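Protein chains in written order, with my numbering: chain G, 1 to 366; chain X, 367 to 669; chain L, 670 to 1202.
Treat the hints as calculated values from the structure; they're not laboratory data.
All values derive from a computational prediction rather than experimental measurement.
Each residue gets a CB set at the ideal place from its N, CA and C atoms; glycine is no exception.
Among the hints, a few may not be true.
Which residues of chain G face chain X? A partial, calculated answer using Cβ under 8 angstroms [stated by the list, open to error]:
(1) PHE18
(2) PHE66
(3) MET119
(4) VAL125
(5) ILE128
(6) VAL140
(7) PRO143
(8) LEU199
(9) MET272
(10) ALA320
Computed spacing ranges between beta-carbons, pair by pair [as the list claims (entries may be wrong)]:
(11) L:GLU973 to X:VAL638: 56 to 62 angstroms
(12) X:SER426 to L:ASP790: 37 to 43 angstroms
(13) L:ASP865 to X:GLY606: 44 to 50 angstroms
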Amino acid sequence: MFAAAGALLVFNLVVAAFGYAPRDTLGAAFAGTWGTAYGTGQVLFKATPLLLTGLAFHVALRCGLFNIGTEGQLALGALVAGWLGPSVGAAFPPLLAVPLVVGASVTTAAALGALAGFMRARLGVHEIISGIMLNRCVDVFLPWVLVVGLGATALRTDDIGAGARLPGLEVWVPAFSGSAVSVAFPGAVVVTGVVYLWLERSVAGREMRWVGLSPTACGSQGVDVARRRIQAMVLSGGLAGLVCAGTVLGYKGYYELGLGAGAGFSGIAVAMVGRSGPVALVLAALAFGTLAQAGLSINAQVPKEAMSVLEAVVILLVAAAAGVTGGDGATRATPGDGAEKGDGDGAESGAAPLARTRPVPSERVP
Amino acid sequence: MSEILSLTTVAETWRIAVPYACAAVGGVWAERSGVIQIGLEGVLLSSAFASVAVAHATGSAPAGLFAGIGVGVIQSAFHGWLVERTKIDAVVSGIALNLLAYAATRMALRALYDSSSNSPSIGGFEVGPRGAEGWQLLLRALFDPVAVLALIAVVASPWLLQRTRLGLRVRACGEHPTAAQAAGLDVARTRIVALAVSGAVCALGGVHLAFDQHRFEAGMSGGRGFIALAAVVLSGWRAGRAAVACLAFGLLEALQIGLQSLFRASPAATLVQLLPYVATLLVLALGIGRGAAPAGIGRAPET
Amino acid sequence: MTTRGALAGPPLSLRAATKRYGSVTAVAGLDLDLLPGRIHALVGENGAGKSTALKMLAGYVTPTSGDVYVDGRPLTPLSPRRAMSLGVGMVHQHFMLVPPLSGLENLVLGCEPTRAGGRLDLERARREAEALQVETGLTVPLDPPVRNLSVGEQQRLEILRVLYRGARAILLDEPTAVLSPVEVEELYRTLGRIRDRGATIAVVTHRLDEVVRFCDELTVMRRGRRALSEMKRIDEPGLADRLTRAIMGHEVAPPAVPSAVSDDAPVGLAVVEATALRPDGRRGLDRLSCRVRAGEIVGIAGVEGNGQTELARALAGLMPLASGWVELRGKRLDHGTGDPARAVQRRRDAGLVVVHEDRHRDEMILETSVAENLVLGDLGRLPDAEPDTVARRFGIFDVRPPDPEQLGGALSGGNQQKVVMARHLDRPLVALVAAQPTRGVDIGTARIIRAALAERAAAGAAVVVISADLNELRGLSHRLLVLRQGRIVAELPPTASEQTIGQAMLGHTGPSSDRAPEIDDVATTSPGAADGR
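Extracted from the complex, chain G is given alone in its bound form (with noise of 0.2 angstroms):
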């Protein structure tokens, strides 16, 4: 509440700033989303990415990781779905098309953040700075395989064949007939409440949980906290590989540069403001696609990067409101081994430094 008041007076302050009426621009806000069907099948898909995204930064979340990659693992993995998409989707019907794109997209997402899960559980680099280092080298990377590996000239793959494509809603939806809304939507809808319901049940997702919130218990009592947080972020490395069922199977296409940037990073504010569970996290999702979409209908008037001035307000409001009430377990989880409570000695302890964390066997034979 505290969020959404102070994110709607720094609204009505910049609309106010461009010299418009705060109600206006509100309206034409409202009619470019919730307002029409159109409106709303543009919402759900601009949702669909930030739905993934921030389940993915939540998964890691849930097990203690920032797992700041999200965006150059979606990158990555998106690229892949474009450059196996024209062959696939030509060779295959849908059935058997969709998902080896998809899945060859989310395994090249999962490797990546397998990557930065080896590195820091087996080698102590902290997540963060491993993931900040690998989504520049996807930067870097990404335009050179387009221009080199697969001779692009205008940085974008082919056409994906038409077995690789995911129908629109409007198949089943009329109203959201000319809207960039796919199946993706519903299908992430399906994924967030399959994990939720895997972190809940399976051992595996139990013991992330229990990971995220006390490693040394964890430890002491045999579970492999190595293990687990590689798993984690193979998971959300993963999850985030299915982005491009969204943005390439289901509206450009095709893979160009720059598809999809910013829903990782917009994650972690889907993420932080859902983190009560699965209806909170769609929820925040749809808020941020609604902002991410009420930008563009207000373009005219007031430049839609208003919108992420607004997200990056309620990003700090919600942290300042779970910091003042103390949040919970999830959020708390601190770089480094903040979750490791109890640990008297700050001499040998207190080292968790950002860049090198201590690998998880905490003593070793010298």
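Assemble chains X and L onto chain G, guided by the hints.
Same frame as chain G, now just chains X and L:
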């Protein structure tokens, strides 16, 4: 080869390295005090924009410079305040402030200049001979007032950290906040002050970036804040070494530009840009930098 | 000697001071007076409230009720800074030094002499420090980073720092716990010099020989109260015994020694020549050997920090052994150098179960449900369906409130320990190691837990109980082993007198008549020495 190893390359290296080095030394100030700062990118952007906006409005380059520094100080200290006083996670705050800087500068571009990509051009400082090659370029790069200020800041930082009361307190807060508190320091306040210094140094990089281009471009920091972060880690959180690392990155980039002009833009040369990141990952993974980070980074004093 | 003038220390007092942490009372209505020109020793068992009392005097801990007086005036506001400004400085048990900074930098941190522009005037600081060193005899290298100094040097630096800030009353929390005997002598010589110049000095310690040899006055604390006070120079024969009795308390331990273990019962658990290194490179376990027969309960006594934690972690497989090994029913276990999670699981599967001392760090996840805590570490390895296991384990003890779905953190300490013990006791056991099984647990629950341990031993498990509570050990064990500096230094029957056990623990070598026979490593390392009755 002579075309690559020329005075032009030296000048280019210098010109390119200044923003990196400023951001990196700013990062050292922040992290030596114990605050994780991944928002250097945002500080670069905001300060670049502020300097251009004020320089454009007043027609005065020094006014632009001060405005840039002021905005950098405010934004960075705000990060410190958020982390230390409202207990927001430093990573979350850094990401949010990066986003805020990116979006707010674009928004302001639209508001002030009705452009989505760049500002009108500004004069900046006009020092040294005109001409785009060789010694002329080198002299201009060397005597650019912002670069001179940046050089002073970069060279002074290790000394300040080592030899002044503030520096000693900053290091103590970063290494062992509990002990610093037991010694009577206000850890949160010391850290916020360190962040303000960090913001000022980093802002010099942003101002240099903008004045060098004679205008502001949307997203013109282009990841330099992240490279600077890599340099901080590679240097083992030492200002001097971080600046040297940035000089090396600058040289690589200058060479790459030279190579591209030689070989008609071989795209493979862009892969040189991977180097800082890959080097950082390798150094960390191989454990070369083990134990070099401030031990109290990201930690509040206990009790 | 008197270049700085006399250090006329302020008298310090606590009046009816009480400190409660939640339901635990650390200090209960304590009156304490520290006088200038004296070294006052505060002694007592772990958790007797000594450190808390000291921290109240230095402004670090605010009393729940009661008053702190410095120089006859109430200490307000109660803060370390205020106390320091009145000349009261504290040397913490864990040094408050910044490891990468030099000695000189640490010395001046927080009150740095500066020149114009905030430049450090390290030359002036050095002059002042050197003058102070000459005055006090506290020689510390000032230039190398503190992390390169020995523990004794770091401590001298801490004392020097307190003096540098103008302290005339110095409170030291367990200053000798980490020092070698030579360093201890050195420390007290220094403290003696400072005292002679008029300072007020208080020392918290476990070691009675120090008290007898070096201190002027003493207060014995038990359970937050004053058990004994001596306000004059102490130098009488038999004092050590009197002190030991006061420290340990006068409760008569239940004499009921559990049913005897037959001499030909097989050895369930054996530790052979085990050496384990702590992260700082020191030996946590130093060629420790012991054997526990099936059905036997062996109690490990010792002052905290003498290898108890390391023993439990090494047995659990969490801390690799640098040399030596562990045998379970005569079968050697691996050194635990591989993946710790695997090692813990393998040992548990083999029947070696360890309950760690720090419940919140190692045994429970407070933010998840009791039901989940009951199967922590067992997921995917349970022989029965999980709900059945949870129901069975939940039913072993009477956990209150009887709802397995509430958060672990919502339970009282006693009920948390019931959950922890239920999880461990429900496993197939060859050997059970329980570290501080009743710490922070109410008396009723403690009794239940002890009964459960005895029951498992009677059923054939080899049981090791590591405890700071001597009465618990004496009431529960067949044999007592005394752990000091990572070694077993004595083996005693549970009927041994409090003095005997206490003196073996404290390493007392003073003029006591009833000295414990020490069993050196020569004896314990020869096979069979530790299991003889």
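Which numbered conditions among the earlier hints are violated in the structure presented, ordered from lowest to highest? Hint 8 alone not satisfied by this model.
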